[in-house]
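Starting from the structure of chain A, add chains B, C and D where the hints point.
4 protein chains.
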Amino acid sequence: MEIRKPLRGVITAMITPLRDRDQLDHAGLERLIEHLIGGGVHGLFILGTTGEAPGLSYRLRAELIQRTCKQVAERLPVIVGITDTAFVEAVSLAAAARKFGAQAVVASAPYYFPASQVELLEYLEHLAAEVPLPVFLYNAPTNTHHTFQPSTVLRAADIPHVIGLKDSGGNMAYFHTVVELLKGRPDFTLLVGPEELMAEAVLMGAHGGMCGGSNFFPQLYVQLYQAALAKDMEQIRLLHSRVMRISATIYRVGRHASSYLKGLKCAVSLLGISEDFMAEPFRAFGSAERDKVRQHMVDQGLLPGVV
Amino acid sequence: MEIRKPLRGVITAMITPLRDRDQLDHAGLERLIEHLIGGGVHGLFILGTTGEAPGLSYRLRAELIQRTCKQVAERLPVIVGITDTAFVEAVSLAAAARKFGAQAVVASAPYYFPASQVELLEYLEHLAAEVPLPVFLYNAPTNTHHTFQPSTVLRAADIPHVIGLKDSGGNMAYFHTVVELLKGRPDFTLLVGPEELMAEAVLMGAHGGMCGGSNFFPQLYVQLYQAALAKDMEQIRLLHSRVMRISATIYRVGRHASSYLKGLKCAVSLLGISEDFMAEPFRAFGSAERDKVRQHMVDQGLLPGVV
Amino acid sequence: MEIRKPLRGVITAMITPLRDRDQLDHAGLERLIEHLIGGGVHGLFILGTTGEAPGLSYRLRAELIQRTCKQVAERLPVIVGITDTAFVEAVSLAAAARKFGAQAVVASAPYYFPASQVELLEYLEHLAAEVPLPVFLYNAPTNTHHTFQPSTVLRAADIPHVIGLKDSGGNMAYFHTVVELLKGRPDFTLLVGPEELMAEAVLMGAHGGMCGGSNFFPQLYVQLYQAALAKDMEQIRLLHSRVMRISATIYRVGRHASSYLKGLKCAVSLLGISEDFMAEPFRAFGSAERDKVRQHMVDQGLLPGVV
Amino acid sequence: MEIRKPLRGVITAMITPLRDRDQLDHAGLERLIEHLIGGGVHGLFILGTTGEAPGLSYRLRAELIQRTCKQVAERLPVIVGITDTAFVEAVSLAAAARKFGAQAVVASAPYYFPASQVELLEYLEHLAAEVPLPVFLYNAPTNTHHTFQPSTVLRAADIPHVIGLKDSGGNMAYFHTVVELLKGRPDFTLLVGPEELMAEAVLMGAHGGMCGGSNFFPQLYVQLYQAALAKDMEQIRLLHSRVMRISATIYRVGRHASSYLKGLKCAVSLLGISEDFMAEPFRAFGSAERDKVRQHMVDQGLLPGVV
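Top line first, the protein sequences correspond to chains A, B, C and D. Per the numbering used here, the very first residue in the first sequence carries number 1; after that it's consecutive. Per the numbering used here, the very first residue in the second sequence carries number 1; after that it's consecutive. Per the numbering used here, the very first residue in the third sequence carries number 1; after that it's consecutive. Per the numbering used here, the very first residue in the fourth sequence carries number 1; after that it's consecutive.
Don't read these hints as lab results, they were simulated from the structure. Just so we're clear, the structure is a prediction, and the values are computed from it rather than from any experiment. Beta carbons are placed, not taken as given, at the ideal position from N, Cα and C, and that holds for glycine. Heads up, a few of these hints could be off.
Claimed, not checked - Okay, derived cross-link-like pairs now, DSS-like style, lysine-lysine, Cα gap no bigger than 30 Å in a straight line:
hint	chain 1	residue 1	chain 2	residue 2
1	C	K183	C	K231
2	C	K183	D	K231
3	D	K99	D	K183
4	A	K292	A	K231
5	A	K183	B	K231
6	A	K183	B	K292
What the hints assert, rightly or not - From chain D, some residues computed to sit far from chain A (all C-beta separations above 10 Å):
hint	residue
7	G40
8	Y58
9	E63
10	K183
11	P186
12	T249
13	L303
Pulled out of the complex, with its shape left as it was, chain A reads as follows (with noise of 0.2 Å):
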């Protein structure tokens, strides 16, 4: 299965369902992406931030690879994080990637180590030219503390085989800078990665979004991404204010930063999915907070409440 150019939709930013430190909850996972398959989303992103992917043994990581790729079985695009510090190890899972039967991987900066602009274009170049698969660039400069600027998105859309950014900047204004700067490459893929922006992002431009919050909730943020594309401002203005309430409330349970994934991982398992157990240096919510997190989907209807 080849991908699409451009790739349209909602995809899953997936979390990685663990039974411990270094197990995938097998079943979890299964019945995961039975649940996003059926919640009608177009994509998955695996080993992402929010699949925790820099916290996970490469072991592991082969193996979600390799489960979550016979899962699918070609029914969705999977695409497979490879963002790793260590050059030699993101070609080795890509090379996994490949192997298993993704379709592309997404690669960001190699964080930790400051780089500049032309060093970063030329380890994307070096990369790109190792990897067997198409490549999204992954803008995510909370978290990699880098930058892919404009201009290097422009040019790094001319190596062979980059097809796309996924940008979680949240930065609407970089984000329309890089809308015009391809405007000749219609098949070069733009994704949003914060959730709360996709409609905005789609009905100003980018092809889809890729979404946190549909681990649990797919119907929501496809329906979103539909009415963006028909441009129904009503429906979006419904759908998005819910996107909203998710974020608000589910999301911000916890006292740290780490809440929105906690928050995440605990509202799939709220729902009998997958397990919520957590790699260093997190920790599944305690009951409080588990309880908080029930309460605020009974009160938005994602839960049935206690009779």
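Positioned in the frame of chain A, the structure of chains B, C and D alone reads:
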């Protein structure tokens, strides 16, 4: 004249025409105001970041308020930036704004010192109590290094006199969060700062935008606002693309972070409206940069080409 | 009285005793100055960060300059902070400093706007040309969000009137770089800002330090300076440990970033020297925090315990 | 061989000699280790930031540990960086370190994800429990974007196996705070990272420093350490000035933030010790920059001039 609640439309974040470090360009100011009113903007915001307010003497700021109000003569609301590190000086500017006939003031956090949200809220309470005009909050983290958290905005919205928010942070997830929180307050004005985000902000619930570019090309921003109001996506994409082109060219001449301000003042000057002298620590473009701005304007039909 | 070049010793970054938002505590100011002179400090720096200068009206700033100079009566050099976002206001403060008999001024970057090193250097050239007193540069990145790069300091040292640098950045590698660059200029004063770094700075080549803690305990900082001059490491470690204890206790009461300023003013007030009213956006500690500061002072022998 | 507590002296933050992306320069590694032992350093820290660890494959990291331990043959303690975003991989590196005979490991925060102090402390507890060697904490905020707050260091010092801290933050007020907090723990090693701060740190209570520059000029840093131990201020100033000159020249060639690493590897290569191939995203200096580094070394007597 009382200010409408909410205030809607394109508010020009007006540049301050200067002849020298401490001298207004009087004729330029009059021409600029007529240019803006003729161009259809819905209000003037003077003494903001685009107006170089922090770089101007208090004497000159007072003079600008007086002359602007006189020239406008209530044809439009005049909103005055009073953001200051010193409470007493901010109050004094507000008194001048009232005396000379302005309709509202805009106040950001007192920059320089780090301050907590509790301290910022108290500051706003104290300030609003001393200010004899309606107050817009101004979230301007790039310059003040403070953010009014959404929960702070929600509380500040209950302070008497506080009637709206201008958000210049450029983070649309933040803006949407505020929109959601203030759904019960249809009278509370929500304006977005970066002109590159005005279209989507209005589509998603903002009342308008403060646009620097409207200093030289008011019609473009007014038409974009109207297209957004009308939910005319085709027109929006066309006009938004022109806005992005201005940002990518006229605001990007020169090497420094000040290129937005310099390009803007230079463009107004090239239209023969006012001089482009700048307050310290900046200075107007030299002829090389000025020629580049001119060429960009010619290319975009903002100036006639050389015959 | 002309200022020595280089200026050596402990310069107190003096708090501003206030009775109200726009009223000096006159008697407190007099007592404070006598306390400092009696405590052996080598100069006074008024209207700096510790003096809450950006939060004070210009009227009050001028009054403070006048009263301080009168009370000091040339027993010590008085150095006046003129840092301002507005060039004209900075020059006006410098004129007041000259008129009332101060010996020098201190100028940081005009905060609010981002500015390049080229722009900052030009700013300093223009400013020094208008200022009728010797100028110290003030590197204060935490508050101004600008850094004078070492190469900028080196160039600025050639501007007539520019006689020294106060570095409050807290980065000793930066400070050493400046020390090395200015080895050919033994007349150029190099002072370090954070009192926690004064001892090592003097050991490694600085001429002295500006110490906030010397407002309430001038002897400690003066003795530490003298021990550093004498290279008496045993004495240095003993006194430095007391300095660190003050930082870890009296400056750490309260929840906000302003705890340093609040703790300092509270400590001076507990000694019966001056009131601890604070300029917006802060306010003096309530009784719970005040009791904690008192207890820390008792524990450290700065106040007698209750009998 | 057991590691001394506290560990004292100059520990070389060793570069990783590479022949290619995934190939060690074996002969270079042997020469480098002999050069360092011959130069008198007191320990080797491999796989740190200076060792480009995050950019190396796990296979190569294990090989480096093995070859280094074998070559050193317990003449010096070998300390191994195990910092990783993935807990399982960090533990696996620690197991390799133990197996091949290293004396201790160094662990920083798992970068990529933001984490709170509570989460970091738990992480350290979990990690130390799985690591079969003594652990040094590594405060490296520039690269990890995490800081171990002093109170976290104090608590972590009570975790079994945790024996010291290397602080690379460059903030001496932070370092002094930690020194004060740990006064009751004379066995807990306190090392400072930036070599520009080693002299003053040792004067004020540190046990030593990790110095990158000792890769090419070990004697200088060892002598500076000894002068600091002896409190010989005249000698300290002389040697410290040479250290600062290296920082201002050899580490400042090239345009990017990576100039420190590139200059360091280039200098070692110019001495004929090992190759200067660099891991992605960097590459070795070209001939223009290499000539500049050579000239700086000639000027400073680190290389003979051309006859």
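Each hint, compared with the structure:
{"no.": "1", "hint": "C:K183 / C:K231", "verdict": "holds (20 Å)"}
{"no.": "2", "hint": "C:K183 / D:K231", "verdict": "holds (22 Å)"}
{"no.": "3", "hint": "D:K99 / D:K183", "verdict": "violated (34 Å)"}
{"no.": "4", "hint": "A:K292 / A:K231", "verdict": "violated (35 Å)"}
{"no.": "5", "hint": "A:K183 / B:K231", "verdict": "holds (22 Å)"}
{"no.": "6", "hint": "A:K183 / B:K292", "verdict": "holds (23 Å)"}
{"no.": "7", "hint": "G40", "verdict": "holds (30 Å)"}
{"no.": "8", "hint": "Y58", "verdict": "violated (7 Å)"}
{"no.": "9", "hint": "E63", "verdict": "holds (12 Å)"}
{"no.": "10", "hint": "K183", "verdict": "holds (29 Å)"}
{"no.": "11", "hint": "P186", "verdict": "holds (30 Å)"}
{"no.": "12", "hint": "T249", "verdict": "holds (20 Å)"}
{"no.": "13", "hint": "L303", "verdict": "holds (27 Å)"}
In this structure, the hints that do not hold are numbers 3, 4, 8, in rising order.
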